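Trainee: Protein chains in written order, with this note's numbering: chain A, 1 to 350; chain H, 1 to 163.
Because the hints were derived from the structure by calculation, they are not lab data. All values derive from a computational prediction rather than experimental measurement. C-beta atoms are modelled at their ideal positions from N, C-alpha and C, and glycine is treated no differently. Hints should not be assumed to be uniformly reliable.
What the hints assert, rightly or not - One side of the interface only, derived from the structure: several residues of chain H facing chain A at Cβ under 8 Å: (1) G6; (2) L8; (3) L11; (4) T14; (5) T17; (6) V22; (7) T23; (8) T28; (9) N90; (10) S126; (11) P128; (12) I130.
Stated by the list, open to error - Calculated cross-link-like contacts (lysine-lysine; reagent style DSS-like; alpha-carbon spacing at most 27 Å): (13) H/K24 with H/K9; (14) H/K85 with H/K74; (15) H/K9 with A/K330; (16) H/K85 with A/K330; (17) A/K301 with A/K330; (18) H/K9 with A/K301; (19) H/K9 with H/K74; (20) A/K71 with A/K141; (21) A/K85 with A/K71.
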Amino acid sequence: MLGLIASIPYWAQSLLRVLGGIVAVLLPAGTIVYVFLFKMMSFMQSRLGPMEAGPFGSLQLFAEVGKWLQKEDLYPERADRFIFKIAPLIVLSSTFLLVAVVPFGPDAWFTNFEAGVFYALAVSSVSVLGILIAGWASANKYSLLGGLRAAGQLIAYELPMVLAVIGVVIQAGTMNLQQIVVAQNAGSIFGWDGLGNPYILTQFVGFVIFMIAVQAELTQTPFDMPIAESELVSGYMTEYSGFRFLIFFIGEFATAGVFALIASILFLGGWGVPFAWFGWTSIDSIDNWMNVVGPLIMFTKMMLLVFIIMWVRFSYPRFREDQLQRFAWKVLIPLSLVNIMATSVLKVAF
Amino acid sequence: MAKIPGLLKGLGVTLGTMVETVTKGANTVQYPHEKETPPIRARGVIALHEGNCTSCMLCARSCPDWCIYIEGHKELAPPRRAGGKPRQVNKLDRFDIDYALCMYCGICVEVCPFDALFWSPEYEYSEPRIADLLHDKAKLGEWMETVPEAPDLEAGAEKKGKK
C-alpha cells in the first residue's frame, strides 16, 4: 500500500488528499444533518420530519442548500465587509485543518503527524477567532454579545478538553493519533486481548469530560448560550444569510463529526479492530483491506458518538451563562486534574 | 451529583418518544396526503342559514373585529291569512364575513337570536388573494351543507315542560 502511494506523482497525491479531505468533512456533515437533525430530532418530538423531498425526505438537504445558495448575499451597512466575509471561512477552515490529522486506516491518513493530539487541540481553537470576528464585524449588539459569549465559553471548555486528553496521552505514551489507535487495539486487559484495551474503560472520567467539553465547543444545547435564540436572535450568526450562513451551518455539523472522529480515536480504538482477532502484532502486519474497512468502522463509531451529542442536545434546556462558566471552572477542570494525577500514578505503578 | 438521576430520566423520555415514533408512528398527520377529522364542534368556518336571518345586526355589532357586513331593506310580504294586512319583513341584501379579519371567537353564533349562524368544521378555504377571503351570502350559504347535526343532549339535560 505504501509502495502504491509512492508511485503516484506528488501533485496527484495532493489532489487525492484534498478530495479525500472534502469528502471526510462534507459526507459526515450531510449524514449527521439528515439522520440526527432532521430525523432523530423529529422522532424524539413524535413527528416525522421532512418527508416530501425524495424518499423519506432524504433529498431535503439538497433542497435546503439550493435555497441558501440562491439567497442574496446581505451584509449590514456598517459592517467591516472584508472581515465579515471571511469569518465563516475561518470557522470552516478550522474543521478542514482538524480532519487533516485524523487517521482512517493503517495507511489511509492525510498526514501522519507526531504531535497529532497537540495539533488537533491547537487548530480546533482557530474557530474561536472566526466566531469572534463574525460577532465584531457584524456591527450588531446581539452579534457582539454572542461572539463574546462564544469566546468566553470556548476558552473555558478548551481547558477540560485538553486536560482530559492528557490522560489518554499519558496512558498511550504518544501524541501520535495513529499510534494511540495501535496502542489501544494491540493492548490487553490483564492479559485478555479479545477486546484490545479501548481507553474508554480506563479513562472513562476523561471520556465523559471530553464529550461534555466537545458539546460546549460545538455550542450545542445545553451549552448554546452564544446563539441563544430567545435572547440574542442568533448570536454571532444573526447578520449572516445565504451561503455564508450555509458555511457556518456546514462548519457546525462537520466539526461535530470531526470531534466525534477524534473522540473515537482517543477513547474507542479509532479505525482498528482488536489486533488479536486476526493475529496482527504491529501496524506493519495489518492486512491491506483494513484501509477500506477502517474508514467504515470509524464512520460507525462517529455516528454512535454524534448520536450521544445530539441526544443530549435534543433533551436538555440551556445553561445560564454563570452556571456554564461555573461548571467548567469548578467541576470539569478540577475533575480532569484529579484524573491526570490518578492516571500518572497508575501508569507509574503498573 | 444529585441531579444525575433526573438528567438520565430526561434522556430516557426523549429516547422513549423516539422508539415510540419509530414503532407506533408519530402523533402528527402528513397533512395534504391524509387529513385529520376535526372534532364535531370544531370552529372551522361560519355558515349562514339565510332564511332565518332577520338582519337584526346583533352579530355585526357584537363582532370584536367588525368583520361582518350586513345590508338589508324592508319589504312588504303578502298577508298570512286572507283579508289580513301585508306583513313587513326584512330582506337581506348583503351578508359578508371577512375571514381575513375573523378571529373565530364565535360570539356572532352565540348572539344570533334566530339560529341563522352555525359553526362548520370545514377548514380548507385558504386563498392566494386576501380579498377572496371575504365570503359573501351565497358562499356562506353553501357552508350550511357541511354543518353537522347537533350532538344529542346529555342525559337529564332536556328542557322540562311547564305543567
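Trainee: Report the numbers of all earlier hints that the structure fails to satisfy, in ascending order.
Mentor: The structure breaks hints 1, 2, 7, 9, 10, 11, 12, 16, 17, 19; every other hint is satisfied.
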